[in-house]
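Protein chains: 2
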Amino acid sequence: MKSAAKNQDFIQNISYDSVIFGFNGSQLKILILEYHNTEYFALPGGFVKMDESLDDAVKKGVSQRTGLEDIYLEQFYTFGSLERSDPGVMDKILTENNLDMEKYGWMLGRFLSIGYYALINYEEVSLKPDELSDSINWYSIDELPPLMMNHKEMVKKALEVLRNNLDRKIVGMNLLPHKFTMKQLQQVYEAILGEKLRRTTFQRKMLSMEILVRHEKLFQGKAHKAPYLYSFK
Amino acid sequence: MKSAAKNQDFIQNISYDSVIFGFNGSQLKILILEYHNTEYFALPGGFVKMDESLDDAVKKGVSQRTGLEDIYLEQFYTFGSLERSDPGVMDKILTENNLDMEKYGWMLGRFLSIGYYALINYEEVSLKPDELSDSINWYSIDELPPLMMNHKEMVKKALEVLRNNLDRKIVGMNLLPHKFTMKQLQQVYEAILGEKLRRTTFQRKMLSMEILVRHEKLFQGKAHKAPYLYSFK
Numbered sequence: 001m002k003s004a005a006k007n008q009d010f011i012q013n014i015s016y017d018s019v020i021f022g023f024n025g026s027q028l029k030i031l032i033l034e035y036h037n038t039e040y041f042a043l044p045g046g047f048v049k050m051d052e053s054l055d056d057a058v059k060k061g062v063s064q065r066t067g068l069e070d071i072y073l074e075q076f077y078t079f080g081s082l083e084r085s086d087p088g089v090m091d092k093i094l095t096e097n098n099l100d101m102e103k104y105g106w107m108l109g110r111f112l113s114i115g116y117y118a119l120i121n122y123e124e125v126s127l128k129p130d131e132l133s134d135s136i137n138w139y140s141i142d143e144l145p146p147l148m149m150n151h152k153e154m155v156k157k158a159l160e161v162l163r164n165n166l167d168r169k170i171v172g173m174n175l176l177p178h179k180f181t182m183k184q185l186q187q188v189y190e191a192i193l194g195e196k197l198r199r200t201t202f203q204r205k206m207l208s209m210e211i212l213v214r215h216e217k218l219f220q221g222k223a224h225k226a227p228y229l230y231s232f233k
Numbered sequence: 001m002k003s004a005a006k007n008q009d010f011i012q013n014i015s016y017d018s019v020i021f022g023f024n025g026s027q028l029k030i031l032i033l034e035y036h037n038t039e040y041f042a043l044p045g046g047f048v049k050m051d052e053s054l055d056d057a058v059k060k061g062v063s064q065r066t067g068l069e070d071i072y073l074e075q076f077y078t079f080g081s082l083e084r085s086d087p088g089v090m091d092k093i094l095t096e097n098n099l100d101m102e103k104y105g106w107m108l109g110r111f112l113s114i115g116y117y118a119l120i121n122y123e124e125v126s127l128k129p130d131e132l133s134d135s136i137n138w139y140s141i142d143e144l145p146p147l148m149m150n151h152k153e154m155v156k157k158a159l160e161v162l163r164n165n166l167d168r169k170i171v172g173m174n175l176l177p178h179k180f181t182m183k184q185l186q187q188v189y190e191a192i193l194g195e196k197l198r199r200t201t202f203q204r205k206m207l208s209m210e211i212l213v214r215h216e217k218l219f220q221g222k223a224h225k226a227p228y229l230y231s232f233k
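Chains as they are written, first to last, in the UniProt record's numbering: chain A, 1 to 233; chain B, 1 to 233.
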């Protein structure tokens, strides 16, 4: 990033930020970077080159900043308020990373930022901070550090969109083993929605959505209590 | 581009476009502009000033371009491909409107465009084309004229988002009288979804969503056939 970022290469006033939700079967977390010597915690983000598509820029940038390869990111909102930009924050990040103001000063301008989100199993990936950052870590959504600029608002909006679309998103997300019990599925919903659900209501709703195939029972203990296994159609 | 258009008030490389759905109780239409002497049909769109928020720019711009006041526009997607920009189209629009290339040449660049949509009752509004446009009209979604750039893709995406969110959006949208029958509600759904629905399934789903209050019956003919009236909670 240091060598690549030239004024003329990037579209001015446009950035992206990513909210990467991680899930391990029971807990929902978010990926946060910390910038060198600043105490600024932030969502992984970046800029768009004049000759690359927005989607390509996000895909490549998130991979470079986090070490995550080939995760599916989906756009959720574009943040365009005046208040969200804070030149002081970018100024400190540039200074602490010894980046030339002449060359990188455009980063202090006003930015509209396009938010993307992803939902992955955090036990199956390994992380690597980029050269601007001290660390990259998973934080529980209830215990986020103070985030810079309007990144907290971004997390809130991403979570709202994810929750509203969970019924449609759940099928393709690889958060469960190929075959799973209704209880496992309910645990995914409960962790993401942040609330307990009634077992009978949840089961009825899931079955009525006609997205599940029922398989054999999962025999563990007493046969008459064995739950059915399901997979997505 | 940057140096040639130094006096610009607008953010370079950012535009917005609006998909305004109109509905009259049975038919779904879309608002389309035609540019002077170009045969270009387009969604109403515009640019964002450096010192105004994205939402404010869209609100003001759509009002100026269409004559519609105070409609509620909601963001649905940001289009960021390389292919969507077409300098030839903008060139012709500027030329036919006798606009100075020195001053407006920046409009020929690459643009990321933020899509907004609205859904209003088209019988309750009056339209007024802006000075760039010959006409502004409602077109049935099945009979749209050929649209410029990627505006057809924008309409498709807006319709997809509207359909996916209809259960949540229907309540605040003022598309029905205060009290309405289940049949009237079903007609709204059918027009927007573009398909016929089964009466019993639709009624069961609507009642299970717990968004309706049941009132007195609507007495017209035979009393035992009178349908109940409902309103939104």
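It is possible that some hints are incorrect.
Note that the list lumps identical chains together, so a pair holds whenever it fits in one copy or between two copies.
[What the hints assert, rightly or not] Straight-line distance between alpha carbons at most 25 Å, and here's what the computed DSS-like set of lysine-lysine pairs gives:
#, residue 1, residue 2
1, Lys-205, Lys-233
2, Lys-225, Lys-156
3, Lys-205, Lys-169
4, Lys-217, Lys-49
5, Lys-169, Lys-157
Derived by calculation from the structure, the hints in this document are not laboratory data.
Since the structure is predicted, the reported quantities are computational estimates derived from the model, not experimental observations.
Verification of the supplied hints:
1. Lys-205 - Lys-233: both (16 Å within a copy, 23 Å between copies)
2. Lys-225 - Lys-156: neither (40 Å within a copy, 48 Å between copies)
3. Lys-205 - Lys-169: So Lys-205 and Lys-169 pass the 25 Å test inside a copy (15 Å) and across (21 Å) alike.
4. Lys-217 - Lys-49: neither (52 Å within a copy, 61 Å between copies)
5. Lys-169 - Lys-157: both (16 Å within a copy, 17 Å between copies)
Checked against the numbered hints given earlier, the structure breaks hints 2, 4 and satisfies all the rest.
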